[in-house]
Amino acid sequence: MSATKETTRVEVTKTLKLFVNGAFPRSESGRTVPVKDAKKRVVAHASHASRKDLRDAVEAANAAQPKWASATAYNRGQVIYRLAEMLEARRAEFVSLIVSIEGRSKADATREIDRAIDRCVCYAGWTDKIASVLGGKQPVAGPYFVFSMPEATGTVAVVVPDGAQLLAILSLVLPVIAAGNAAIVVTPIHANAPLAIAFAEAVATSDVPAAIINVLTGLRSELCPWIASHRDIAAVAGAHLSNDDAKALELGAAENLKRVCLFSDAPKFDDDTFWNSPFAIQPFVEIKTVWHPTAL
Amino acid sequence: MTISPFAYAPAPESVRPALKASYGLFIGGSFVEPKSGKYFESINPATEEPIAKVADAGAEDVARAVTAAHKAFPKWSKTKPSERAKILFRVARRIQERSRELAVLESMDGGKPIKESRDEDLPLVVQHFFHHAGWCDKLAYAFAGATPKPIGVCGQIIPWNFPLMMAAWKLAPALACGNTCVLKPAETTPMTALFLAEILAECGVPDGVVNIVTGGPDAGRAITALAGKNGGKLGIHKIAFTGSTDVGKAIAKAVAGTGAKLTLELGGKSPNIVFRDAALDQAVEGVVSGIWFNQGHVCCAGSRLFVEESIHDDFLARLERRMQQLRVGDPLDKNTDVGAINSKAQLETIQRYLKAGSDEGAQKLEVSCTLPKKGFWCKPTIFTGVQPSHTIAREEIFGPVLSVMTFRTPEEAVQRANNTTYGLSAGVWTEKAARALEMSNRLTAGVVWLNTFNRFDASAPFGGYRESGFGREGGRQGLSSYVKVGGAR
Chain A
1 MSATKETTRV
11 EVTKTLKLFV
21 NGAFPRSESG
31 RTVPVKDAKK
41 RVVAHASHAS
51 RKDLRDAVEA
61 ANAAQPKWAS
71 ATAYNRGQVI
81 YRLAEMLEAR
91 RAEFVSLIVS
101 IEGRSKADAT
111 REIDRAIDRC
121 VCYAGWTDKI
131 ASVLGGKQPV
141 AGPYFVFSMP
151 EATGTVAVVV
161 PDGAQLLAIL
171 SLVLPVIAAG
181 NAAIVVTPIH
191 ANAPLAIAFA
201 EAVATSDVPA
211 AIINVLTGLR
221 SELCPWIASH
231 RDIAAVAGAH
241 LSNDDAKALE
251 LGAAENLKRV
261 CLFSDAPKFD
271 DDTFWNSPFA
281 IQPFVEIKTV
291 WHPTAL
Chain B
1 MTISPFAYAP
11 APESVRPALK
21 ASYGLFIGGS
31 FVEPKSGKYF
41 ESINPATEEP
51 IAKVADAGAE
61 DVARAVTAAH
71 KAFPKWSKTK
81 PSERAKILFR
91 VARRIQERSR
101 ELAVLESMDG
111 GKPIKESRDE
121 DLPLVVQHFF
131 HHAGWCDKLA
141 YAFAGATPKP
151 IGVCGQIIPW
161 NFPLMMAAWK
171 LAPALACGNT
181 CVLKPAETTP
191 MTALFLAEIL
201 AECGVPDGVV
211 NIVTGGPDAG
221 RAITALAGKN
231 GGKLGIHKIA
241 FTGSTDVGKA
251 IAKAVAGTGA
261 KLTLELGGKS
271 PNIVFRDAAL
281 DQAVEGVVSG
291 IWFNQGHVCC
301 AGSRLFVEES
311 IHDDFLARLE
321 RRMQQLRVGD
331 PLDKNTDVGA
341 INSKAQLETI
351 QRYLKAGSDE
361 GAQKLEVSCT
371 LPKKGFWCKP
381 TIFTGVQPSH
391 TIAREEIFGP
401 VLSVMTFRTP
411 EEAVQRANNT
421 TYGLSAGVWT
431 EKAARALEMS
441 NRLTAGVVWL
451 NTFNRFDASA
461 PFGGYRESGF
471 GREGGRQGLS
481 SYVKVGGAR
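For the record, the sequence lines run as chains A and B.
So the first sequence is numbered by our numbering: it starts at 1 and just counts up by one.
So the second sequence is numbered by our numbering: it starts at 1 and just counts up by one.
Pairs of lysine-lysine residues, derived as PhoX-like cross-links and limited to a Cα-Cα distance of at most 20 Å, are as follows:
#1 A:39 to A:106
#2 B:233 to B:71
#3 B:80 to B:149
#4 A:137 to B:138
#5 A:247 to B:229
#6 B:253 to A:247
#7 B:355 to B:379
#8 B:334 to B:115
#9 B:379 to B:115
#10 B:149 to A:268
#11 B:364 to B:379
#12 B:229 to B:253
#13 A:40 to A:14
#14 A:17 to A:36
#15 B:249 to A:247
None of these hints come from the bench; they were simulated from the model.
Take these sequences, add in the hints, and give me the full structure.
Now the structure itself:
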């Protein structure tokens, strides 16, 4: 036998699962969807999240959220900073996924991951300033000490639009969790499911507590009505969605008056002026005003 | 009832508002006949006598008002903010000058005691305009780093419990931010909004900037039907509603997918929690004002009283003794504490709840007094022995009916207080500061009153958590409901 030529190494491909309650389960439905790269080659099969997967995520998120909300703002800031560290460590992986799946240039992909990481650092600094900027003492006309403060709303469904995924996910998730909410991120399975799961892996290795960020790859048309009508979801975040998605979300949300913020006037996700601002956070807090009489 | 030698002599308010026999719709700066051709009578709920005939706006009338608001928007939104401010300051002053007349009219039309309309409603109305007048030229500081822009035409639908105050809470911030408005007062209490229309015109609010369409639920539906895209060229960019949670949900559905912005200030079943270390007589006063202020027609009324078990009997004895001192009767008498129920329909609703309370096994205590023969009246009532599952412990009654329950530990108080789909207000009575503050952290409510209740101020944001609605009114936080800063609704 002649010596075999050195062959190209077979790559170990990743099985794409969901991210629920800090673990990576397959969809309980057993459904998967082929993931194609920009050259139309099937590179993986993504878990196709079902209504039941959504319900599991909501249950876990609601159980975990009060502790996250009551953690000190300083602590939440450090946790989000840690997430930035984890994203930075995976920078090359994100660039490669954006290039291979979304078919964009390396320079373009690099700009996106850099902006995403920098946004994460920005929000690490927001947690302990939200109350200063959105709350305050109120100068009422009477002998009362009155202050208003922002509080978390609860569990927020984050509905990610089509198109570039990384910055969309970060732009919508960061304001939600910075304010002390839990996020259930629903990303479009046909956009860039491998990237959504790579993001979940960064979350899993950061110090973000289990179930504070959950990631479901699925179909908006299928999941939006369930998100909208679920009574244990307190709010919905989304941006740049179609009228049909908006209507499905707002109609169902009327049942329990969940807050729906679809950022209809918002600029594109690469606009730091808006997406790094407190006005991206404000829709996911409740303002509580507390009164007490003053007297000697 | 025997007349005590120490009984108060009647002290009727003597000012009488100058009323016309009939009122059209206030559109484009003047009163116009409704195209619907229909009118209804606004009556005095204390006497059942008509006050005036008022136009009943149809869809065509609402469209006309919205057209006027659209026409006025470009100029008003570009008016120099400091000039807008001067107009609103002028409005505040003019209302102040005419406040006694407006207070009397409010009491005649809605049934609330004159001492409340005079000492609570009107001062807050004036303050709301004065406070927001000052915001006009300072919006860039309220939204630092952003460029706040007016939303456009606002459709505003308000309730009958604080008619003029709700008009002020809706109009003042909307106008300060450069929007134009179509306001629909409640069917049973349109009068003070019509007087306000005259004042706005007198003060130089440009034609079409505020349009007031009186009418019933159909007029309200005509407004929400024009929300956003549904309205085409007539689209209303923002809907603001204060009222019941059921109607709020229907409005949220009507607005869904239209792109219009929405804020809702809805119902409540607010807890008032009394710990054993509270200043008990002060707490009694707070409970009284919490549930019997404005006949209990208050969205944030403290309608669920939670008393620490060890002081239940003592506290209830004090509360009942105090309740028996309440003077129920003529809203225009300066000594009256509790006036007339706003309408026959609302009285019937309250009576259904009174029956449900007794039928489900709670014990009823009520004021022993004689009620006037004519008009709509309900005795202030306390139900003891209420279980959390009882109808009167879960549903908003919007009347002078208090449900009393007990608790043993602070944790239990929090758990029971939060056990509702509402989240508008909460009261806590304790002399322990740390406990009061921790209770305020844990209660799911937009407003928490510690050792006080039912306090309001133009600078203090008001609004609910959960099914009590979303959005705030008042203060810097309330301005967000009337500007665009990039999508937040």
